[in-house]
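Top to bottom, those sequences are chains A and B.
Heads up, the final residue of the first sequence is numbered 1108 in our numbering, and it's a clean run with no missing numbers.
Heads up, the final residue of the second sequence is numbered 103 in our numbering, and it's a clean run with no missing numbers.
In short, the hints are calculated from the structure, not lab data.
Small disclaimer: the values here were computed from a predicted structure and weren't measured.
Heads up, some of the hints might be wrong.
To be verified - Here are the simulated EDC-like pairs of lysine to aspartate or glutamate, each with C-alpha atoms no more than 16 Å apart in a straight line: (1) Lys1001(A) with Asp74(B); (2) Lys968(A) with Glu1038(A); (3) Lys1069(A) with Asp17(B).
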Amino acid sequence: MKINYTTSCSKTQLSNIRTFITQQLAPLQLSAIEKNQLVLAIDEACANAIIHGNLCNHQRTLQIELEINTSEIIIEIFDIGNYRPNEMNFMPRDFIDDCIKNKRKGGLGLQLMHRIMDNVRYYSRGEVNVCALHKKITINKP
Amino acid sequence: MDVIQSYTTEGLFKIAINGDLDASTVFKVDDVIRNAIKKQEYNILVDCKLLEYISSAGLGVFISHLDDVTAQKGKLVFFDMNETVYDVFKLLGLHNIFNIAKSESDAKILFNINEN
Chain A
967 MKINYTTSCS
977 KTQLSNIRTF
987 ITQQLAPLQL
997 SAIEKNQLVL
1007 AIDEACANAI
1017 IHGNLCNHQR
1027 TLQIELEINT
1037 SEIIIEIFDI
1047 GNYRPNEMNF
1057 MPRDFIDDCI
1067 KNKRKGGLGL
1077 QLMHRIMDNV
1087 RYYSRGEVNV
1097 CALHKKITIN
1107 KP
Chain B
-12 MDVIQSYTTE
-2 GLFKIAINGD
8 LDASTVFKVD
18 DVIRNAIKKQ
28 EYNILVDCKL
38 LEYISSAGLG
48 VFISHLDDVT
58 AQKGKLVFFD
68 MNETVYDVFK
78 LLGLHNIFNI
88 AKSESDAKIL
98 FNINEN
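In isolation and in its complexed conformation, chain A is listed as follows:
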């Protein structure tokens, strides 16, 4: 079953997005660390879309589609920001030393997304940008 959550492109909505994702993950038998990692990866994708893709234009909307099945969690995030999603499809290199030396903050979120998820893919669907996140999970049935 797919569950949808729609919100505005405002940074202040990030905590509401995390609350929504946390509620959806709550019934799953995953550790607190695994759940937090999934929330973090989605938070990072949404923050990128809101801040960089849509310049915090709160009149625009961000849609999150979440699908949880017995072996996988699939998240798709849709927005209409003016950027080329295909350009986001690179595996960021390790650059922490460079960030420290040059006081850089950018790129850490994408790096976290790749470290947490099994697959991260950006693409266009017509005028809509899509960020698709996949994570294989093992749910132990009680």
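Guided by the hints, dock chain B onto chain A, whose structure is given.
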């Protein structure tokens, strides 16, 4: 999210973060650390006892100030971090770069201050 700043009895600058440190709240911590460095406070304790969540924006603010602190032979030391926040540091290997102590007294030892 709230940031409370204080000084320990040993004169170390301490910030206590309460809540979620994300892209919408990080400016508060950035301002506090920036102002501390302006006042030449280079030994900074970060109390994480009430820090519930951190995203890349939160990590970024500490990364961006680390070089300024270490260049002055100062230290940025975190303590009392919960396991999910610590895991986020680990994901990027930052647990090997930052000083992360279990308790405030352990953190003070890293400043060569022994409470006993």
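The hints, checked one at a time:
no., hint, verdict
1, Lys1001(A) with Asp74(B), "holds (12 Å)"
2, Lys968(A) with Glu1038(A), "holds (13 Å)"
3, Lys1069(A) with Asp17(B), "holds (12 Å)"
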